[in-house]
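Protein sequence lines, in the order shown, are assigned to chains A and B. So the first sequence is residues 1 to 115, counted in this note's numbering. So the second sequence is residues 1 to 115, counted in this note's numbering.
Hints are supplied without guarantee of correctness; some may be wrong.
Stated by the list, open to error - Result set (DSS-like, lysine-lysine): computed pairs, CA atoms no more than 27 Å apart in a straight line:
#1 Lys-114/A - Lys-69/A
#2 Lys-42/B - Lys-58/A
#3 Lys-78/B - Lys-71/A
#4 Lys-71/A - Lys-61/A
#5 Lys-114/A - Lys-71/A
#6 Lys-78/B - Lys-69/A
Stated by the list, open to error - Examples of chain A residues toward chain B, derived with CB under 8 Å:
#7 Asn-32
#8 Phe-34
#9 Leu-44
#10 Leu-48
#11 Phe-51
#12 Gln-82
#13 Thr-86
#14 Phe-90
#15 Gly-101
#16 Asn-102
#17 Phe-105
#18 Gly-106
#19 Gly-108
#20 Lys-110
#21 Ser-112
No wet-lab data here; the hints were simulated from the structure. Quantities reported herein were computed from a predicted structural model and do not represent experimental measurements. Positions of the beta carbon are idealized from the N, C-alpha and C atoms, including for glycine.
The lines below spell out each chain.
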Amino acid sequence: AQSVSQHNHHVILSEAASLELGCNYSYGGTVNLFWYVQYPGQHLQLLLKYFSGDPLVKGIKGFEAEFIKSKFSFNLRKPSVQWSDTAEYFCAVNPHGGSQGNLIFGKGTKLSVKP
Amino acid sequence: EPEVTQTPSHQVTQMGQEVILRCVPISNHLYFYWYRQILGQKVEFLVSFYNNEISEKSEIFDDQFSVERPDGSNFTLKIRSTKLEDSAMYFCASSPHIGPNYGYTFGSGTRLTVV
């Protein structure tokens, strides 16, 4: 069955530290890949997405992610986190290259940034 | 920025009762979705809806569940006879085209607690 794995349940960092959140998926066909963020009490917001082309994708708020096809990975990075990045981060896959509506999500990684 | 609105934000219901969760999608969107997240688990796709009928549904979406677009603005999820395990956060989403590639927008969610 198709699945998305996020390796870290809870990450705690100090401000200005670098961030990398892991995401691996299991699906051999065409995939579109997404990272969503959920700030406390708010809706899921799209951080960035990958469809094709340059495997290094830049998103909002200084986040980027790299698609490594051979590793079935789409890790999220940020060089220097801020207290306002405290949120839950979800990796998601659309396993049909966008032809169907559903997203398959990982369990999420809670990020806590200490001021 | 257009939003997907969900009401109520929190609903408590007794086991065996029917519950209706309401969503107002973005006005020019054509595709509508429900997801749920049981506490501590991943966000899971339930159903997608287009042109007044279900276009996809997951194994979770059994006969206890139904969706409806009763008028031009609302999109509802009904659970006929709630069970304790239905306690979860339910997210509505809408998009102008099929799939999450463009303009897929989530609501803030309704937390359903079944007691």
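Of the numbered hints stated earlier in the document, which are not met by this structure? The structure breaks hints 1, 3, 5, 6, 10, 12, 13, 20, 21; every other hint is satisfied.
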